[in-house]
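So the chains spell out like this:
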Amino acid sequence: MTAFAALLLRDMRLAVRVGGGALVGVLFFLLVVTIVPFAIGPDLALLARIGPAILWLGALLASLLGLDRLIAADHEDGSLDLILAARTPLELTMATKAVAHWLTTGLPLVAATPLLGLLLNLDPTATGAVALTLAAGTPALTFIGLVGAALTVALRRGGLLLAVLILPLTIPVLIFGVAASNAAIVGPIPFGTPFTILCALTLMSAVIGPIAAAAALRQGLD
Amino acid sequence: MDLMRLVASDLACIRGGRQVFSGIGFALGEGEALVITGPNGAGKSSLLRLLAGLLRPLAGTLALEGGEPELTVAEQAHYLGHQDALKPALTVTENLDFWVRFLGGQAADVTTALAEVGLASIAALPAAYLSAGQRRRLSIARLIAVKRPLWLLDEPASALDIAAQAMLAALMRAHLSGGGLIVAAVHGPIGLDQSAELSLGGSR
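Protein chains in written order, with the working numbering: chain F, 15 to 236; chain X, 5 to 208.
The set of hints was computed from the structure by calculation and includes no laboratory data. Since the structure is predicted, the reported quantities are computational estimates derived from the model, not experimental observations. A couple of the hints might just be wrong.
[What the hints assert, rightly or not] Going by beta-carbon spacing under 7 Å, a handful of chain F positions derived as facing chain X: (1) Ala17; (2) Ala20; (3) Leu28; (4) Arg83; (5) Gly92; (6) Ser93; (7) Ala99; (8) Glu105; (9) Arg171; (10) Thr207; (11) Arg232.
[Unchecked claim] Just the calculated beta-carbon pair ranges, DEER-fashion: (12) Glu90/F to Ala178/X: 49 to 57 Å; (13) Ala167/X to Ala125/F: 27 to 35 Å; (14) Ala149/F to Gly122/X: 43 to 51 Å.
[Stated by the list, open to error] Residues of chain X placed beyond 10 Å of chain F at every Cβ, according to the derived structure: (15) Val11; (16) Gly27; (17) Ala67; (18) Leu107.
Ideal placement from N, C-alpha and C gives every residue a C-beta, glycine not left out.
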């Protein structure tokens, strides 16, 4: 238990210190959401209608940003060698890294959503719905991204390949995240139906992601 | 409990389609050190990474007899590779403290270990400001802060000054006299007087 707590603490410390990527994601999210109204024009009704989709797209792209460093940084400085050889199960180590990554990059996106909802003319209910779906859905993005990060760990410039690999896998999360948000705003289906599936996707990726990432790392031993 | 013995037989390793070595075997008892020598590219690092479980052997067996049966050889070993496994953004203490906790040691040993490698005075400095030799000493501190019977050292003396090399030699002798085992890949003498030598050919 101490081992996982230590790893969680270390990864979160690294993310918030100089050179860490914790704030970059939020800034990117802010940028994406801010420039969309300029592209679409000042049609408030349209903005409110597509607002949830914009927020979700922004969050999806922002959550990709730090993923290429998630395991590659440990690979480059030799930490991954010690992690691979350690007594702690690699699956749980990977899950811990994903949790630390989500706490420092995913959670700030959720926290920034109410502010950005204002920019898109979303009413409080809609903003709350989007924030809730992001809170439930972004962990899935991180856990799916973990697999991509493990697969591209040895590549010098794995960032783009990682995005190409995992974006298709995140489409279900995007669909049900936006569907749940829209259900809360305009209906007609109840919010719970897509939201439950979104939660199921998160739980599923939380199990499969770390196992697949650990398998990818073991397979790539070299 | 039996005496601990590291036994390897007929190990072979392929990297990038090239056979690096084959038919390597040795046995190492408590308090004994094995020094691996050989020209560049002979497979010294590969053999150590293989012992540390970071490479899969093509053939052969490896066992730590008399060790804990539940654990693999790598899980009872310290691997000190070319890279120092340090995070520049963390301080000296935070770096060591993380590895000690992660590897299952006692947090109380961090200060002692830092003092032993002579880094106590810069414990609060971010690792980004350390010299190559200081980084090396910090990763050596990990070996003494967490107790493991087997040390796998890949050119442990690189970047160390004369005084630090003597310190390393003293630490290794202390480890051996406490019943530990050492396998080290070296280019020059590292101050272990009673050690077996395994010379890799360099079949290029």
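- Task: Go through the hint on Ser93/F and say holds or violated, using the shortest Cβ distance to chain X against 7 Å.
- Result: With a minimum Cβ separation of about 4 Å from chain X (threshold 7 Å), the hint on Ser93/F holds.
- Query: Is the interface hint for Arg171/F satisfied, with its Cβ closer than 7 Å to some Cβ of chain X?
  - Reply: Check failed: Cβ of Arg171/F comes no nearer than 20 Å to chain X, outside 7 Å.
- Message: Less than 7 Å between beta-carbons is the criterion; does Thr207/F satisfy it with respect to chain X?
- Response: 42 Å, violated
- Message: Does the closest beta carbon of chain X sit nearer than 7 Å to the beta carbon of Ala20/F?
- Response: 4 Å, holds
- Query: That 43 to 51 Å hint for Ala149/F and Gly122/X (C-beta), does it hold up?
  - Reply: 48 Å, holds
- Message: Checking hints one by one. Is Glu105/F an interface residue toward chain X, by the C-beta closer than 7 Å rule?
- Response: Hint on Glu105/F: violated, closest Cβ of chain X at ~15 Å, above 7 Å.
- Query: Is the shortest C-beta separation between Arg83/F and chain X less than 7 Å?
  - Reply: 12 Å, violated
- Query: Hey, does Ala67/X actually stay past 10 Å from chain F on C-beta?
  - Reply: 16 Å, holds
- Item | Whether Gly27/X stays farther than 10 Å from all C-beta atoms of chain F, as the label says | Answer for Gly27/X: holds, closest chain F Cβ roughly 22 Å.
- Query: Holds or violated: Arg232/F as interface residue toward chain X, Cβ cutoff 7 Å?
  - Reply: Hint on Arg232/F: violated, closest Cβ of chain X at ~9 Å, above 7 Å.
- Query: Since Leu107/X was said not to touch the interface, does its Cβ keep a gap of more than 10 Å from each Cβ of chain F?
  - Reply: 6 Å, violated
- Query: Are Ala99/F and chain X close enough, Cβ to Cβ, to be under 7 Å, as the hint says?
  - Reply: 4 Å, holds
This entry does not satisfy hints 4, 8, 9, 10, 11, 12, 13 and 18, going by the numbered hints stated previously.
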